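Protein chains: 6
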Amino acid sequence: MFRHQKELQFEVKVERPDPLLARQIQEVLGGQFGEMTVMMQYLFQGFNCRGDEKYKDMLMDIGTEEIGHVEMLCSLISQLLDGASPEAQAEAAEDPAIAAVMGGINPQHLLVSGLGGLPTNSNGVPWNGAYIVASGNLLADMRSNLHAESQGRLQVARLYHMTKDEGVRATFRKMLARDRYHQYQWMEAIAELEEKNGVVVPASFPPEAEQESQPQAYEFWDLSEGNESADGPWAKGTSPDGTGEYVYLQNPAPQGQVPNPEVPPTALHHDLDEKKILNK
Amino acid sequence: MFRHQKELQFEVKVERPDPLLARQIQEVLGGQFGEMTVMMQYLFQGFNCRGDEKYKDMLMDIGTEEIGHVEMLCSLISQLLDGASPEAQAEAAEDPAIAAVMGGINPQHLLVSGLGGLPTNSNGVPWNGAYIVASGNLLADMRSNLHAESQGRLQVARLYHMTKDEGVRATFRKMLARDRYHQYQWMEAIAELEEKNGVVVPASFPPEAEQESQPQAYEFWDLSEGNESADGPWAKGTSPDGTGEYVYLQNPAPQGQVPNPEVPPTALHHDLDEKKILNK
Amino acid sequence: MFRHQKELQFEVKVERPDPLLARQIQEVLGGQFGEMTVMMQYLFQGFNCRGDEKYKDMLMDIGTEEIGHVEMLCSLISQLLDGASPEAQAEAAEDPAIAAVMGGINPQHLLVSGLGGLPTNSNGVPWNGAYIVASGNLLADMRSNLHAESQGRLQVARLYHMTKDEGVRATFRKMLARDRYHQYQWMEAIAELEEKNGVVVPASFPPEAEQESQPQAYEFWDLSEGNESADGPWAKGTSPDGTGEYVYLQNPAPQGQVPNPEVPPTALHHDLDEKKILNK
Amino acid sequence: MFRHQKELQFEVKVERPDPLLARQIQEVLGGQFGEMTVMMQYLFQGFNCRGDEKYKDMLMDIGTEEIGHVEMLCSLISQLLDGASPEAQAEAAEDPAIAAVMGGINPQHLLVSGLGGLPTNSNGVPWNGAYIVASGNLLADMRSNLHAESQGRLQVARLYHMTKDEGVRATFRKMLARDRYHQYQWMEAIAELEEKNGVVVPASFPPEAEQESQPQAYEFWDLSEGNESADGPWAKGTSPDGTGEYVYLQNPAPQGQVPNPEVPPTALHHDLDEKKILNK
Amino acid sequence: MFRHQKELQFEVKVERPDPLLARQIQEVLGGQFGEMTVMMQYLFQGFNCRGDEKYKDMLMDIGTEEIGHVEMLCSLISQLLDGASPEAQAEAAEDPAIAAVMGGINPQHLLVSGLGGLPTNSNGVPWNGAYIVASGNLLADMRSNLHAESQGRLQVARLYHMTKDEGVRATFRKMLARDRYHQYQWMEAIAELEEKNGVVVPASFPPEAEQESQPQAYEFWDLSEGNESADGPWAKGTSPDGTGEYVYLQNPAPQGQVPNPEVPPTALHHDLDEKKILNK
Amino acid sequence: MFRHQKELQFEVKVERPDPLLARQIQEVLGGQFGEMTVMMQYLFQGFNCRGDEKYKDMLMDIGTEEIGHVEMLCSLISQLLDGASPEAQAEAAEDPAIAAVMGGINPQHLLVSGLGGLPTNSNGVPWNGAYIVASGNLLADMRSNLHAESQGRLQVARLYHMTKDEGVRATFRKMLARDRYHQYQWMEAIAELEEKNGVVVPASFPPEAEQESQPQAYEFWDLSEGNESADGPWAKGTSPDGTGEYVYLQNPAPQGQVPNPEVPPTALHHDLDEKKILNK
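Residue numbers (the UniProt record's numbering), protein chains in the order written: chain A, 1 to 280; chain B, 1 to 280; chain C, 1 to 280; chain D, 1 to 280; chain E, 1 to 280; chain F, 1 to 280.
Derived by calculation from the structure, the hints in this document are not laboratory data.
Worth double-checking, as some hints may not be accurate.
Which bits of chain B does chain E cover? Going by a derived footprint, with three or more residues having C-beta under 8 Å, they are [said to hold, decoys possible]:
id, region
1, 4-15
2, 38-45
3, 80-92
4, 120-126
5, 146-155
Subject to a maximum C-alpha distance of 27 Å in a straight line, what follows is the list of computed DSSO-like cross-link-like pairs (lysine-lysine) [to be verified]:
id, chain 1, residue 1, chain 2, residue 2
6, D, Lys54, D, Lys196
7, F, Lys6, B, Lys6
8, C, Lys13, E, Lys54
9, F, Lys196, F, Lys54
10, C, Lys6, F, Lys236
11, C, Lys236, D, Lys236
12, F, Lys6, B, Lys13
13, C, Lys54, D, Lys236
14, B, Lys13, A, Lys196
Some chain E residues well away from chain B (every beta-carbon gap over 10 Å; in silico) [what the hints assert, rightly or not]:
id, residue
15, Lys13
16, Gln24
17, Lys54
18, Pro86
19, Ala100
20, Gly104
21, Tyr160
22, Asp231
23, Gly256
For clarity, every value in this text was computed on a predicted model and none was experimentally measured.
Don't be surprised by glycine CBs; every beta carbon is placed ideally from N, CA and C.
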């Protein structure tokens, strides 16, 4: 069960309205790696978590924090939209200076939400459940979390330069600092899990169960001409768990058959044999 | 530019048709972490890659390999569907034994693709471009790749137990072995990049640029009651880069304001003030 | 079966082209509460209607009218786009005045529809079937209809101020007048249905069937700190049907268990127990 | 800012696993009117709320409660899936009795979530942001809330009969009781707002602003043959606000023009005039 | 403006309920090539049509007919669902014979539409506006129409064998006959347009405008090993308009550059140069 | 299996950056008829192809070529975005001249892809699998291919006029020339298939199988008032296969019943009969 406190987790202030920036910030609210994604992802991982309570509690701690981040971004967007009005939009076509301000506004910020945050990305595409991941395998999911925080921090860092508003920048700096720590957190959890079970997901399907596939397993297939890729740690040396050696296969030949699918029954109407005419 | 060879990369054989399994395998063809995803993700990352040619070549090598994996799965699904027919479907309602075989079939495998693979997941939801990630930041993207291969291998491992067909299982074992190597590959690339730039994405927005946020940056906010999460490496100790100490904040108080958004212009029709009646 | 007459239901005229306005009007054509939505919603409710012919006939009357509204909006958008040209778009980058006119144009109005209306909202997101509701329960569906007309009229009212074109404004005033009447219509139908069956949907699952849940049923759980919500008609007094008293629960305690899900079979590869290693 | 308590709001118990029911319950978790929808809808309405604190507090109270309902449904689905295994799926094709149990299972409950709840509906379509409504106009949004609770309770009532599991039924009865109260709540809020501003949304665009459209505004256009619809309160009598009389228009004639759009510039390539051949 | 008549265009009868077939028929109601698609496609093409009234009238004739086809399919689905009940679903898990009937039912036919047709395909994916095409170029759009009727008739032909219900089969035979005529219609229109403007879309960008690209224009690039494709009319001979000869290029070499994109500004945080550390 | 060569198929050069054009070009990369669509469509048709090897080889030749076209467009977009920077975006609000350049930029080109191509259309809607068609019926699918190339060439022709950049225009001219040839190719294949099996899809469900529906099959129903459509080759004359005569039906009467669906079981809660109150 959840509870809500009126105050925002951190203070959110803007120096002046900026509807264009409001549109751009939608990316980190309702985009693929926005706060809605990490909020829903950590909550679903926490709700579905089985096994060690330590991980479940951590997921619920951070997932609950992220609900508050959605709240903060809605507040930020509302403040950036304050003062935007339908009438200004009507002026825009006539005055290039107003158009410069209003031209890039998300029309739904006026029409649909009436100056509030939207559950969409910076192009107005609705957030959807396929952005999130909760597989039950802790290591797989923690890697998703580390990845999501990496993309999220990258986007906030890019946004940072798209405004000169010192109020907004202060909020962004706080988010950047927090996202750095979140990256550390998932890294720590990953390190612990990898130490326990090994680095491959899932650990419970181990190398020896794939034994007859082993010879080919560690071949790097050079399928894009040029050998620059041979000069990387992925192409030579021993696998982390010592189960094999990487091999760089420079001109690899296919090892499978030429597929030769059957002609299907007439009732599927591929029309491959003009003689088989169907009687009803 | 690309070229195609007729043979499949690896041999794909099934012992007997199984339309239900064909439906389930769609998840690893056209689902969130299916082969279409890794194919398109590595190709877009490769097409958009800037900087060191070594990474671009590697992305193009593996991305090109993955196009062939989509081809292999289409062949696998076609073989599992061979022999499925509309008429059997018509029989299903009357004979429980046939219903057991046909009941779970994806109707689109008959109606839409005529026994071929579909660009959808196991529930028929079309693959979409928001499944993939290509941000330009190499470390962020390699983490996505490691994550995708982790989820993908997990799903194949689960599929493995959903069939007793030794032909299909042999193909799955090959995929499991290959996906293990792919996890190693991205790990090696990640290790190299982390050594160069540090572990946080993006590196070019460093801790000192967020300095005034530092005190709070490393606090673990215990927002889900219970302290089990305190017992993890994310809650105590020093950050990997030595820039600070983690702090477990047990009963954290919010630090922001209570938001108090303005009443918007009448032309937005929030109807908050009944006295402001609009004159056209 | 349907028939079509060439004339539009009402006259649609514009004073001058305005591609930016054309983009914004897409919201009330193909958005969540646009004319496509009410058209498809009333038609599906009518097609699926069971029981009293009076309601079915009404739904078909209004649904058929709405097809004509989609037609009117396509005509409006075409007129607003007349004169927009690819060449003007090419000029935009060089001349701020042209950019002010062309900058906000929906590129698909040129590229995809060639100056016609699109089945999308103001951000180009395609209309989809999940916007509509037809549950078979008349009261539930009429409430959806009242709601859709409320959001629809609100959006047209907001659009009204985004243009100074008196031709467009005249069309909008007609739509606003019509949408007011449509709100009345659904209100009248709702009142009749509520009088017959009671105000709760569905009526056929009555309070006495939930008897043992009764004590908690009418508690207002104050889960957001602050008591302002206690000062509303939802927090005190008797329920409309006299079945109980509302209770304001100020510091509510959870009444359920701490969930404790089982560790799943190894074949699901959660990797929760490192000792269970799978043998193929 | 939010906080989480470990206990569920209400107890959730099942008598026995039932993967088919787990799939069906996804509709009220991640479907158009599931708990994710009301949770996100009330939170966004609360975050964006401007004006009277009383409404904002109420929205936050109920929105916060609904996060806990998502949590409860995930727990319910996990319990119904406990014991489902990939191996049982492999048996299903051979044994009609097992097939009867396993045939309708959502394959993603095994493959993707590993026996946890998914952010999708009963057919596996991901939840998306276009399910929710937060327009800023309180009356419009409260009508959406009443409607959502009506559809939601209807679906739970239907689900109730799809199982004989008394544990699940007890949970459903609690949800039905609670959803009844939630319908009352929104009704009370609606009544208060209608009394203040009038029944039409938005009130700030009043009848007199549409004056010249008045004559036609209250005509019921009989566009579906048959006059059964004349026999309803929507077709005769006075509008609730006394601004006009309803008129039943039995054989209505269109009042607009036959649209006659311009032939567009050659650069749009409609190919309407074969003489205009383009020179590059 | 549109009008509605109560009678269906053709009679729709079923011999007995069949919920599984009802689910499958959703494909030709709300799928990619279902009746909703042709209805909306022809209406949008008609609404947006510019130029010769003959085509616009034809599009409106057929588009209006198709609204009635959606109506007929909703009636067909309702009849196939009559008698399906939630209680039967609850029995299914226990009795393989009932499971055979109920196992494949679309849960939304019970939960969401209460035994009515849904605006979704056979897997429950909502119909969306991106299924339709209305480009303004008549020849391009007529080709889309011919194609849609080809896929649509193919799917109905496949469905025909999935039932033994003679009532349903009679309806399908009528649809098959009608879809044949519709294919003829679009073919006739295409022939007329091709005769007028030539066979290439768009005609207004003619061969001579691409002159310098001509040498390569008609080369067939053999990029999939094997020469079977050389044995087709697309690989040898003269183009239909006599503007050139086809050439089969057996081992084609790429003619472009190796792309070499710039390293982007630091503010995009690609992290390609560890020395450029950003100062805020 | 596939291989990759470093060089692009054709040279791609731009004269100067143009972020607005980059956004527009996304339509022909990731839109409904962009290169991603033809690439995936031809590959899936080829992977699933059964029967004559000649067609499969052709599909694989062209499908493989199209992967390279996605690569070319990514390179084109990257070049057009080079030099765009977050800082310029921040300047835009203040300087109309910069705003004219930056105003229409896709924010995801900065935030999400860091100056690379995106798998989305010109409005940022992600590409999805429902854009493509692979039914197994060769004639149906070749008609889809002809149609896709028609829409694709039309969009490139429109784009051509939206820029004055001679580098970009040279690339477009090459695409236009190539798309013309591709239209010829599918036409040739279609002609061959029509000659073999007849013009109607599917041929295996022939006219005589629909015999009793024949009288009505060839009637043109004039459902949109006005007779302009009578003046077309679709309304008079003999069908291409000589099986019947077209008939223009000027005032067609419906031939079906008035639908009269049953009142459903109480457990579906339509609430149509207030007397049936449910006992749990």
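Results of checking the hints against the structure:
no. : hint                : in the structure
1   : 4-15                : holds (count 3)
2   : 38-45               : violated (count 0)
3   : 80-92               : holds (count 6)
4   : 120-126             : holds (count 5)
5   : 146-155             : violated (count 0)
6   : D:Lys54 / D:Lys196  : 15 Å, holds
7   : F:Lys6 / B:Lys6     : 21 Å, holds
8   : C:Lys13 / E:Lys54   : 24 Å, holds
9   : F:Lys196 / F:Lys54  : 15 Å, holds
10  : C:Lys6 / F:Lys236   : 23 Å, holds
11  : C:Lys236 / D:Lys236 : 37 Å, violated
12  : F:Lys6 / B:Lys13    : 33 Å, violated
13  : C:Lys54 / D:Lys236  : 14 Å, holds
14  : B:Lys13 / A:Lys196  : 36 Å, violated
15  : Lys13               : 18 Å, holds
16  : Gln24               : 5 Å, violated
17  : Lys54               : 34 Å, holds
18  : Pro86               : 19 Å, holds
19  : Ala100              : 3 Å, violated
20  : Gly104              : 5 Å, violated
21  : Tyr160              : 8 Å, violated
22  : Asp231              : 16 Å, holds
23  : Gly256              : 8 Å, violated
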